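Number of protein chains: 2
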Amino acid sequence: MDYASGLKANPSSIHAEGVKTKIKLQSARKKISGILKARPVEIIFTSGGTESNNLAIQGVVWAWREKIPARNAYSIAIAGGSEKKLPHIITTNIEHPSVLETCRMLKKRKLAEISIVPVEKNGIVDPKKIKKEIKENTALVSVMYANNEIGTIQPIREIAGEIRHYNKNNRQDLFFNRSCLFHTDAVQAANYLDLNVGKLGVDLLSLSGSKIEGAGRVGVLYKKKSAPITAIFGGGDQESGLRPGTENFPEILKFSEALESAQRIKEKETKRLVRLRNHFFNKMRHSHILKNVGMLFNGDLENRLPNNINITFPKIPSDLLVIELSSKGVMASSKSACESSRREGSYVIEAIRPESDPEIGGVRFSLGRETSKADIDYTIGVLSKILLRLKKWK
Amino acid sequence: MDYASGLKANPSSIHAEGVKTKIKLQSARKKISGILKARPVEIIFTSGGTESNNLAIQGVVWAWREKIPARNAYSIAIAGGSEKKLPHIITTNIEHPSVLETCRMLKKRKLAEISIVPVEKNGIVDPKKIKKEIKENTALVSVMYANNEIGTIQPIREIAGEIRHYNKNNRQDLFFNRSCLFHTDAVQAANYLDLNVGKLGVDLLSLSGSKIEGAGRVGVLYKKKSAPITAIFGGGDQESGLRPGTENFPEILKFSEALESAQRIKEKETKRLVRLRNHFFNKMRHSHILKNVGMLFNGDLENRLPNNINITFPKIPSDLLVIELSSKGVMASSKSACESSRREGSYVIEAIRPESDPEIGGVRFSLGRETSKADIDYTIGVLSKILLRLKKWK
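Heads up: the protein sequence lines correspond to chains A and B, in order.
If you count by the working numbering, then the first sequence holds residues 1 to 394, one letter each, in order.
If you count by the working numbering, then the second sequence holds residues 1001 to 1394, one letter each, in order.
The following block holds chain A by itself, in its conformation from the complex (with noise of 0.2 angstroms):
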């Protein structure tokens, strides 16, 4: 008689309800980290990709302060104040909000030190630069695998040889006996690059519902079974314990099947954007009339997402672009949405393009499964006129 409010069975109920969902849950589990190549223990289910990267890069933060006591702030603040015991966090200048704020506030907080790697004029970053950072607190590493705005693919199997090779020699049999780990947030990745957690050298990696077409609103966090990281939320005991609340399961459900699909599809619908993408490059560089504006191709032209095209037309502010673009059917973006109504312009085109004036910007294009050509053929017309028409009224 317990319908649980009239709702589907909660999965962590004992009643036969409860253990048939929860049997669907675990075949889900299982899926995905079929699919990662991972254990279905190692798989964690949250709210979305923001909730991953912050139970992530928090929860590597709590377990490093919480598991050795000589480091927690009461006693480092005792013991003189040396913020150099905080747990130590690197990252690049282009993460996404949810890992960059996250580090910052943490910062903010007291309770991490963090570097900031700036990437190189491609937007990639140097793993050399990455390694130069390690140091004897460093807990984490974060560099997320090709970025939200400008597409580009960082060299996650390089970053992750390097913090091995650290881990090696630094962190045997010393007091601070702990790992320096590392975490990818592969949110944008997820469609098209390789998921397999033990070819990249990773023990955390983030996925979202979000960016995979037909998945539910959920998030993933893998989280190699050796890795230590304590929960952000105190509640139930779902997901071992590291994100307690009611699973959501239907949509959990959705999300395995559509990665799942994904992957299926992946090589050949690479190949197919691909084809499109460069079909829009060259035409565009062709075109006489966008001669006439210029225009400047932003992140490195090989080592992008296949979906990805980010263009700076200098001296037109991207904003006005993508509103103009709006108005005749053409989606586009001028930064990521997650800081849409932040009046700054795109601090990623910014580390890119230092010497660029903020509201320039640059024009985001995304490719889907449901972009043909004539789609490409239709926004580069729709672009040229627009294009046009601003640079005359400028």
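Fair warning: there could be bad hints in the mix.
One side only, chain B facing chain A, incomplete, derived with CB under 10 angstroms [stated by the list, open to error]: (1) P1040; (2) G1048; (3) N1054; (4) I1323.
25 angstroms max Cα-Cα, derived SDA-like pairs, lysine to any residue [what the hints assert, rightly or not]: (5) K22/A / K1328/B; (6) K373/A / E1017/B; (7) K254/A / H1288/B; (8) K1392/B / H1288/B.
Derived contacts from chain B toward chain A, CB cut-off under 8 angstroms, selection only [claimed, not checked]: (9) S1013; (10) A1016; (11) E1017; (12) T1021; (13) S1047; (14) W1062; (15) A1063; (16) P1097; (17) S1098; (18) S1210; (19) G1235; (20) G1236; (21) E1251; (22) L1253; (23) T1270.
To be clear, the hints were calculated from the coordinates, so they are not data collected in a lab.
Treat the numbers as computed from the prediction; the structure is a model and nothing was measured.
By construction, the Cβ of each residue, glycine as well, lies at the ideal position given by its N, Cα and C atoms.
For chain A, the structure is supplied; the task is to place chain B on it using the hints.
Just chain B, lined up with the frame of chain A:
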């Protein structure tokens, strides 16, 4: 052309589709704020009840710590380590794990000091006992509106009165000039009780879609505009910066409609369920078989949710009864689903029956919109047979 990877528009995007979604999101927010007699800006969407409770409690603690520099961990340690200067939280011993465990986590992490007030034998807390615990550094009182296991309704208005009285007399023109805030976890109350936040006198109130028929898997935190809290997650600036992450738009829409519909039928449904519940009670009381086995109703019989029945059968373990009932198609629970995989018994039953063996616990029957008189009669029939058999077997 930006299909946001083929998905529906992101409400934080500035293109036309994004704006349309944002308008619908705002209208859902307005609908919910109308029911709570609050302002739309006071409604924060989260992933569920657990997150709402965490955001309320952790959010108050961090706002308290960050706003007053003299109260951060470093200064305290240097100043002599007086833990008294940490923000202090008062709660009860029968709160949901997402409140109780969050408080314990904050204590363990040396971020807050906590006082846990025990409820009376009838499962209701004495407002005077709450008042007695309030002191100079009390940042928050968190008392649930109605209990998830034994259904007791707490005297929220009276507790609010005590806090208001304390604030008026003690938090004026002091160096620590911040009010003691009041949070209530109203997750179980949403279907049946008055949600007018002004009348209740609360600063923070949590709701969860999981407990409202037809609502999506999202949560809501009402936060009085003047109440200072900070985010748990680092990330984008969604939900006034208090809850970063892409808004779970379709589920939010479902939530607002389901809450509205639950409010519409509230009075009629309450009357119907009270009748059914009393029928259950009376039939049980007059059953000879049950008189032989013995039974104790848990929680105050007057101040309780209309849909909740919780009974202790002395000498018969509640987990065993739940499994036996389940085999006959009756879904009951022995404790909160959020603590089902823990070995211990229900801490809520333990709080009101400290003399009882934890294994015995209590069996909870929840009535819902689909529950009929025939269901009640069937349940009592099944229960009687099971109890008789188990009694013989013992």
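Self-check item: Hints the structure fails to honour
Solution: The structure conflicts with hints 1, 7, 12, 15, 22 and 23, although it agrees with all the remaining ones.
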